[in-house]
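Colleague: The listed protein sequences derive, respectively, from chains A and B. Taken in order, the first sequence gives residues 945 to 1151; the numbers are from my numbering. Taken in order, the second sequence gives residues 945 to 1151; the numbers are from my numbering.
Certain hints may be false.
As the list claims (entries may be wrong) - Heads up, simulated EDC-like pairs for lysine to aspartate or glutamate below, C-alpha to C-alpha not over 20 angstroms straight-line: (1) K1102/A - D1111/B; (2) K1102/B - D1029/A; (3) K1102/B - D1109/A; (4) K1096/B - D1030/A; (5) K1096/B - D1130/B; (6) K1096/B - E1057/A; (7) K1102/A - D1109/B; (8) K1102/A - D1051/B; (9) K1102/B - E1040/A; (10) K1096/A - D1130/A; (11) K1102/A - E1057/B; (12) K1096/A - D1109/A; (13) K1102/A - E1027/B; (14) K1102/B - E1057/A; (15) K1096/B - D1111/B; (16) K1096/B - D1080/B; (17) K1096/B - D1051/B; (18) K1102/A - D1029/B.
Stated by the list, open to error - These stretches of chain A come out as covered by chain B in the derived footprint (C-beta under 8 angstroms, 3 or more residues): (19) 947-953; (20) 984-992; (21) 1043-1056; (22) 1109-1120.
Hints are computed from structural coordinates only; laboratory data are not their basis. Glycine included, C-beta positions come from ideal geometry on N, C-alpha and C.
Chain by chain, the residues:
2 protein chains.
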Amino acid sequence: MYLGCQFSLYPMTDRFIEVILDGLTAIRAAGDRLRVETDDISTLLVGAPEALFPALQGCFVRAASHSGHLVMNLSLSRGCPGEPDDPICRSPALREAAQPAGPGRVDAALARETPVTPTGIATAAQIALYPLGRPDYMADIADCIGYLRRAKISLSPKHFCTRLDGDAAAVFQAIETSFLAFAGHDDHVVLTAVLSKGSPSVSNRAA
Amino acid sequence: MYLGCQFSLYPMTDRFIEVILDGLTAIRAAGDRLRVETDDISTLLVGAPEALFPALQGCFVRAASHSGHLVMNLSLSRGCPGEPDDPICRSPALREAAQPAGPGRVDAALARETPVTPTGIATAAQIALYPLGRPDYMADIADCIGYLRRAKISLSPKHFCTRLDGDAAAVFQAIETSFLAFAGHDDHVVLTAVLSKGSPSVSNRAA
């Protein structure tokens, strides 16, 4: 099983190189638990979710400590049949969280969550879950949305995705649970997310 | 059938608001053939591909006429069973292009393409195709990659996505064909893309 993401930081400032490089220093905290490859479009992270999600949140928080508008773009993937089985991705957390369709998995997902430490960063996000290869994938998406409605973020529907607003830590927890909990351990699942802080756009939403 | 996208422009400059607003003026050329909704995270476009793709390319080209590093983030969707049937999305182009799995569809996709007018904008992109709800989705992805290998862009594999380098017009044509041609007319298909120009990152790739 192969698990990881491609992600990018987009700081809307003339100093974008400095902000990106500073954000990426937070990835180093994961040490050799993550494989990291950066090119001119994105950074690849490969590893277990136990290392991956703290690294992503650390990177976003560090980059967001700079003033101004920042976006993180994220495509998470697990179980792609075109990727190799990789020991670095083995994950007790995924083994415990991943549930094929069936009753009770929304409650189970909520019960597994522990309180997060707020970062103080108001974050607007939109996410989309793509469970691949199964005719009943809309049941996975429906359960994921059912979970998000009860999670510690505010939710609004959009076409093609779901909007989440809350503290960055709560948004990352909602993304992690959405990605891990609504398909079987070996199923192929993709989750795309855009996280934004500091947008100057007029908005009537609470951020 | 419902067809459209959520997209965002990320100009890596202090003048990002000016560049985004200027880029969005190009969407207006589509008039009432596209439904347009912008919030602080992204812009929704809903309509037929005949209107959608020229608007997206026009927007990217206009924003890219400003100096510096620019990224467009794009999530295209068609046939989502959770969205309504909408007359604005009806499309002879999709009706002609969309092909369920079977021999000959790569050749057919290439044969349908007409020469594009270069924009002069060297563009690096990465895309991922997600045909949903079907156990044989990897055949759709394999055919799409087979098409991209013969299209007028250079291709390099990455984990979780495929990298394309070429003129912006050729990249948009490759994205449009990838999105339309490798699943049936009523199938649910998502394509995510990141397009980048002007990155200062050291790269050994031809852009």
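Colleague: Take a quick look at whether K1102/B and E1040/A sit within 20 angstroms of each other, Cα to Cα.
Modeller: 29 angstroms, violated
Colleague: Taken at face value, is the distance from the CA of D1109/B to the CA of K1102/A at most 20 angstroms?
Modeller: Outside the cut-off at roughly 31 angstroms; violated.
Colleague: Can you confirm whether the C-alpha distance between K1102/B and D1029/A stays at or below 20 angstroms?
Modeller: 16 angstroms, holds
Colleague: Just to be careful, I want the Cα atoms of K1096/B and D1080/B compared with a cutoff of 20 angstroms; is the pair within it?
Modeller: Since the Cα atoms of K1096/B and D1080/B sit roughly 27 angstroms apart, the hinted pair is violated (cutoff 20 angstroms).
Colleague: Is the straight-line distance between the alpha-carbon of K1096/B and that of E1057/A 20 angstroms or less?
Modeller: Violated: K1096/B and E1057/A sit about 48 angstroms apart, past 20 angstroms.
Colleague: Verify the proposed pairing of K1096/B with D1051/B, using a straight-line Cα cut of 20 angstroms.
Modeller: Measuring from Cα to Cα gives roughly 14 angstroms; hence the hint holds.
Colleague: Please count how many residues of the segment 1109-1120 of chain A have a CB within 8 angstroms of a CB from chain B and say whether that reaches 3.
Modeller: violated (count 0)
Colleague: Are the Cα positions of K1102/A and E1057/B separated by 20 angstroms at most?
Modeller: 33 angstroms, violated
Colleague: Is K1096/A within 20 angstroms of D1109/A, Cα to Cα?
Modeller: The given pair, whose Cα atoms are some 9 angstroms apart, holds under the 20 angstroms limit.
Colleague: In terms of beta carbon proximity below 8 angstroms, does the segment 947-953 of chain A have 3 or more residues touching chain B?
Modeller: Since 4 is at least three, the answer is holds.
Colleague: Quick one, are K1102/A and D1051/B close enough, alpha carbons at most 20 angstroms?
Modeller: 36 angstroms, violated
Colleague: Is the hinted pair K1102/A and D1111/B satisfied, with a Cα-Cα distance of at most 20 angstroms?
Modeller: Roughly 32 angstroms between the alpha carbons, so the hint for K1102/A and D1111/B is violated.
Figure legend: structure checked against the earlier numbered hints; hints not met, in rising order: 1, 3, 4, 5, 6, 7, 8, 9, 10, 11, 14, 16, 21 and 22.
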